[in-house]
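What follows is the residue order along each chain.
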Amino acid sequence: MCSSLWGKNVILGENVRIGENVVIGHNCIIEDNVTIGNNTFIDSNTIIRSFSSVGANSNIGSGCILGEYWKDFYKDHKKHEHHLVIGENALIRSGSIIYAGSTIGDSFQTGHQVTIREKTLIGNNVSIGTLSDIQGNCKIGNYVRLHSNVHIGQLSVIDDFVWIFPYVVLTNDPTPPSENLVGVHVHSFAIVATGSIIMPGLDIGQDCLIGAGAIVTKSVEPYAVAVGNPAKAISDVRKIKNKITGELAYPWREHFRNHMPWDKIGFDKWYSSLDIEDKAKYNLETIIE
Amino acid sequence: MCSSLWGKNVILGENVRIGENVVIGHNCIIEDNVTIGNNTFIDSNTIIRSFSSVGANSNIGSGCILGEYWKDFYKDHKKHEHHLVIGENALIRSGSIIYAGSTIGDSFQTGHQVTIREKTLIGNNVSIGTLSDIQGNCKIGNYVRLHSNVHIGQLSVIDDFVWIFPYVVLTNDPTPPSENLVGVHVHSFAIVATGSIIMPGLDIGQDCLIGAGAIVTKSVEPYAVAVGNPAKAISDVRKIKNKITGELAYPWREHFRNHMPWDKIGFDKWYSSLDIEDKAKYNLETIIE
Amino acid sequence: MCSSLWGKNVILGENVRIGENVVIGHNCIIEDNVTIGNNTFIDSNTIIRSFSSVGANSNIGSGCILGEYWKDFYKDHKKHEHHLVIGENALIRSGSIIYAGSTIGDSFQTGHQVTIREKTLIGNNVSIGTLSDIQGNCKIGNYVRLHSNVHIGQLSVIDDFVWIFPYVVLTNDPTPPSENLVGVHVHSFAIVATGSIIMPGLDIGQDCLIGAGAIVTKSVEPYAVAVGNPAKAISDVRKIKNKITGELAYPWREHFRNHMPWDKIGFDKWYSSLDIEDKAKYNLETIIE
Chain A
1 MCSSLWGKNV ILGENVRIGE NVVIGHNCII EDNVTIGNNT FIDSNTIIRS
51 FSSVGANSNI GSGCILGEYW KDFYKDHKKH EHHLVIGENA LIRSGSIIYA
101 GSTIGDSFQT GHQVTIREKT LIGNNVSIGT LSDIQGNCKI GNYVRLHSNV
151 HIGQLSVIDD FVWIFPYVVL TNDPTPPSEN LVGVHVHSFA IVATGSIIMP
201 GLDIGQDCLI GAGAIVTKSV EPYAVAVGNP AKAISDVRKI KNKITGELAY
251 PWREHFRNHM PWDKIGFDKW YSSLDIEDKA KYNLETIIE
Chain B
290 MCSSLWGKNV ILGENVRIGE NVVIGHNCII EDNVTIGNNT FIDSNTIIRS
340 FSSVGANSNI GSGCILGEYW KDFYKDHKKH EHHLVIGENA LIRSGSIIYA
390 GSTIGDSFQT GHQVTIREKT LIGNNVSIGT LSDIQGNCKI GNYVRLHSNV
440 HIGQLSVIDD FVWIFPYVVL TNDPTPPSEN LVGVHVHSFA IVATGSIIMP
490 GLDIGQDCLI GAGAIVTKSV EPYAVAVGNP AKAISDVRKI KNKITGELAY
540 PWREHFRNHM PWDKIGFDKW YSSLDIEDKA KYNLETIIE
Chain C
579 MCSSLWGKNV ILGENVRIGE NVVIGHNCII EDNVTIGNNT FIDSNTIIRS
629 FSSVGANSNI GSGCILGEYW KDFYKDHKKH EHHLVIGENA LIRSGSIIYA
679 GSTIGDSFQT GHQVTIREKT LIGNNVSIGT LSDIQGNCKI GNYVRLHSNV
729 HIGQLSVIDD FVWIFPYVVL TNDPTPPSEN LVGVHVHSFA IVATGSIIMP
779 GLDIGQDCLI GAGAIVTKSV EPYAVAVGNP AKAISDVRKI KNKITGELAY
829 PWREHFRNHM PWDKIGFDKW YSSLDIEDKA KYNLETIIE
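Residue numbers (this note's numbering), protein chains in the order written: chain A, 1 to 289; chain B, 290 to 578; chain C, 579 to 867.
Incorrect hints may appear among the rest.
[As the list claims (entries may be wrong)] Mimicking EDC-like on lysine to aspartate or glutamate, the simulated pairs with C-alpha atoms at most 20 Å apart in a straight line are:
1) LYS586(C) to GLU536(B)
2) LYS530(B) to ASP106(A)
3) LYS232(A) to GLU247(A)
4) LYS360(B) to GLU696(C)
5) LYS568(B) to GLU536(B)
6) LYS653(C) to GLU20(A)
7) LYS218(A) to ASP236(A)
8) LYS360(B) to GLU370(B)
9) LYS75(A) to GLU309(B)
10) LYS75(A) to ASP395(B)
11) LYS264(A) to GLU757(C)
12) LYS586(C) to GLU320(B)
13) LYS532(B) to GLU254(A)
14) LYS821(C) to ASP492(B)
15) LYS857(C) to ASP846(C)
16) LYS553(B) to GLU179(A)
17) LYS521(B) to ASP492(B)
18) LYS8(A) to GLU659(C)
19) LYS75(A) to GLU370(B)
20) LYS532(B) to GLU179(A)
21) LYS657(C) to GLU696(C)
22) LYS364(B) to GLU609(C)
23) LYS859(C) to ASP841(C)
24) LYS553(B) to GLU543(B)
25) LYS232(A) to ASP203(A)
26) LYS367(B) to ASP841(C)
27) LYS819(C) to GLU468(B)
28) LYS71(A) to GLU377(B)
29) LYS297(B) to ASP32(A)
30) LYS842(C) to GLU468(B)
31) LYS649(C) to ASP106(A)
32) LYS364(B) to ASP781(C)
33) LYS297(B) to ASP236(A)
34) LYS521(B) to GLU510(B)
35) LYS78(A) to GLU309(B)
36) LYS360(B) to ASP684(C)
37) LYS586(C) to GLU303(B)
Think of the hints as simulated: they come from the structure by calculation, not from any bench.
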C-alpha cells in the first residue's frame, strides 16, 4: 500500500484493501470494507462507501458516490451490508451516484451525474450517458448503450446489444399510482430512438426500431419500425437505406462495428465463429435471421 | 452542542444553532445564522448557507446545497436575508440544491440532484424525484408525489394528492419568449403520466388522468382521461380496470394507500372521519363525488 | 496576489495566474496553468483544471468542474493541453461541468448541473439552463437562450437570438447507430418550444416557431409554425396574437427586449442603427423582412 500518490485530506476507513499503483485525489472519503483494484485512479472529492469494490485499471471521476445508501441507512445510520461490485476497466465520470447492492461487469462506462439505484445487474461493455437514471431492480445485458438522460424504470430487462437514445423512458405502472408494476423487455439489437416512451410490460422485439417521439402502447415485432402516438408499425428496418451512402442500414450489426466484439471481422464472420457457449454468453441462441 | 460526531474539516459560521445528537460529515460548510434540529444527520461535503433552518430528525445527503444564493448575491457577494425553512423528518438525497427563500413542510423527501428555486411553497409529505427541477415561484400542496425528472415552471399550482410522472413539463409562457407568464393549476388527485406537456394557464381537473406523452392544449375536466397530440378526452377514469386484478382502478384513492393518511383505514372511512377543519387542511371541501 | 480572501484547504497548482481581488472558497482545487481574471469569485468545492482561463468579474458556483478531462486523460493520466477559455462576467451556477477544449464568450450564464463537452464554441450573452447537456463539437451564436434540460447533439449549429425551451433535443444520427452524423441548424430568432425533437440535418428557419412536443422530420421554413407528430406547418408566426394583450406576438424581437441589445430603443431602431460590420457580428446580413 503506497500513499505517495494520494491527495490531501484523504479520509480512510478500516479494512480498506487498496491495490498497487492506485491514485486517490484530494478530499476523497474511502469508508470501511472497500476494495480497490490495481492501477485504479480515483479523482478528488469522491466518496466510496462501505462494502464497495472497484476493479483494476478503472477511473472514477471527481465528486462521485459509489455504494450510496439505501433507505435503511437513514433509519438507524448504520452501514448495512449491501455490496456494490464494479468490474475492471470502468470509466465512471464525475458526479455519478451508484447505489450499494448492484453488480456491474467489466469495461463499464458512464457520463456525468448518472444515477444507478440498488439491485441493478449490468453486464460487460455497457455505457450509460450523462444524467441517465436507472431506477434499480432491473437487468441490463452486455454491449448495451444508453445515451444521455435515459430513464429506466424498475423491473426493466434490456438484452444485449441494445441502443437507447436520449430522453427515452421505460415505464412500469399500467394504472398509476399502483403497486402492480410490470417492466418493459427490450430484446437484442433493438434501437429505441430519442424521446420515445414505452408503456409497461411491453416487448420491444429484436432488431426493431422505435422512432423518435413514439408513444409505444403495444408490443413491437422483431424488425418492425414503429412511429407515432400511439405508435404503429409502418415498415421493416430491412427496407431502410442510409440516405448518405444509399446502402441498407439495418440490421445495424452488419454495418456498425465501433466498440463491438465483431469490430475487426464484421458481424457475420464473428457470429459464425461462435460456439454454443459463446452464443449463450451473448443471448444469441435465439437470434432471428 | 456536542462536536464528537463531527467529521474532519467542518467549517462553521457564526450564530449557528445546532440541536442535540446532530451528526455532521467531513468537509461540511455550515454558514452563519443556520439552525439545525435535534437528531439531524448531515452527510459529507454538504453546504448549508446563511439563514437556512432544517427541522429535527432529518437526513441531508452528501454534496447538497441548502439555501443556495439568489442572483442578488452575485452582484455584491453579500448574504441577503432570504430564509429557507425545511420541516422535520426531511430526507434530502445527495447532490440536491434548494434555494434560499422557500418554505417546505414536514416529511419532505427528494431523490438526487433535485433543484428547487426560490419562492417555492411546499406542504407536508411531499416527495420529489431525482433530477426534478422546480423553477420557483410556485405552490405545491400536501402528499404530492413528483417522480424523477419533472419540470415545474414558475407560477404553477399543484394541489394535494397529485401524482406527476417522469419527464412531465408544466409550462408557463403562451407566446415564448414573453414576460406574460401564466401557470398551470393541477387539481387534487390528478395523475399526469410520463412525458406529457401541459400548456400555460390550463386547469388539470380533479382526479383526471393525462396519458403518457400527451400534449395538453386545453383544460381537462375532472375524471377525464386525456391522451394524444393535441390531447383529447377519450374516456372517464372511472371506467378503467386494472388489467391484472380486473378491478376498477380509479379514483386511485380508493385503491392506493401507501404513505397516504388513509393508509390503515382506507380513503372512504378516513374521509368520513374528517371534520370541516380537517377537510380545509387538505383542500377537500370541494371534492367532487 | 492576495490570499486573504481564500478559504480553507485550497489547493493551488503551479503557474497559476490569479488577478486582483479574487475570492476562492473552501476546498477549491486550482490545477496548474490556470488563469483567473480580476474580481472573480469562485465558490467552495470547485475544481479548475489545467489550461483553463476564466475572465474578470465572473462568478463560479460551488462544486463546478471547469476544464474537465477529455477521454485521452484516462489513458495515461497526463494533463493534455486542451484549453478552456471563458470570457468576462460569467455566472456559472453550482454543479456545472465544462470540458477543456471549448471557447465561451462574455456574459455567459448557466443554471445548475449543466454539462458542456469539448469543442463547443459559444458566443457572447448566452444562457444555458439547469441540467442542459451540450454534447460538444457544436457552435452556438450570441444572445442564445437554452432553457433547462435541453440536449444539443454534436454538430449542431445554433445562430444568434435563438430560444430553445426545456426537454428539446437536437439529434444527429439519421440511421442510429451510425457514424454518419449530421447536425441540425437552427437559424436566427427561431423558437423551439418545450419537448420538441428535431431530426438530424434539418434547417429550422429564421423566426419560425416549433410547437411544444413537435417531432420535426422535415426542415421548417422561416416564419412557419410547425406542430404535431410528424410536425406540419400550420400557420405563420406573424398571425399569432398574444391572448392577454391582443397584440401580434411575433416576430418576438419587436416585443421582447429583456437582456437583448435593443433593450432600450426597440429592435427596429437598433437594427436601423447597425452598420454592415455590426450586422455581420450578429449574423443579421441575411435577415428576412
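Among all the numbered hints in the text so far, which are the ones the structure does not match? 1, 2, 3, 4, 5, 13, 18, 19, 22, 26, 32 and 33
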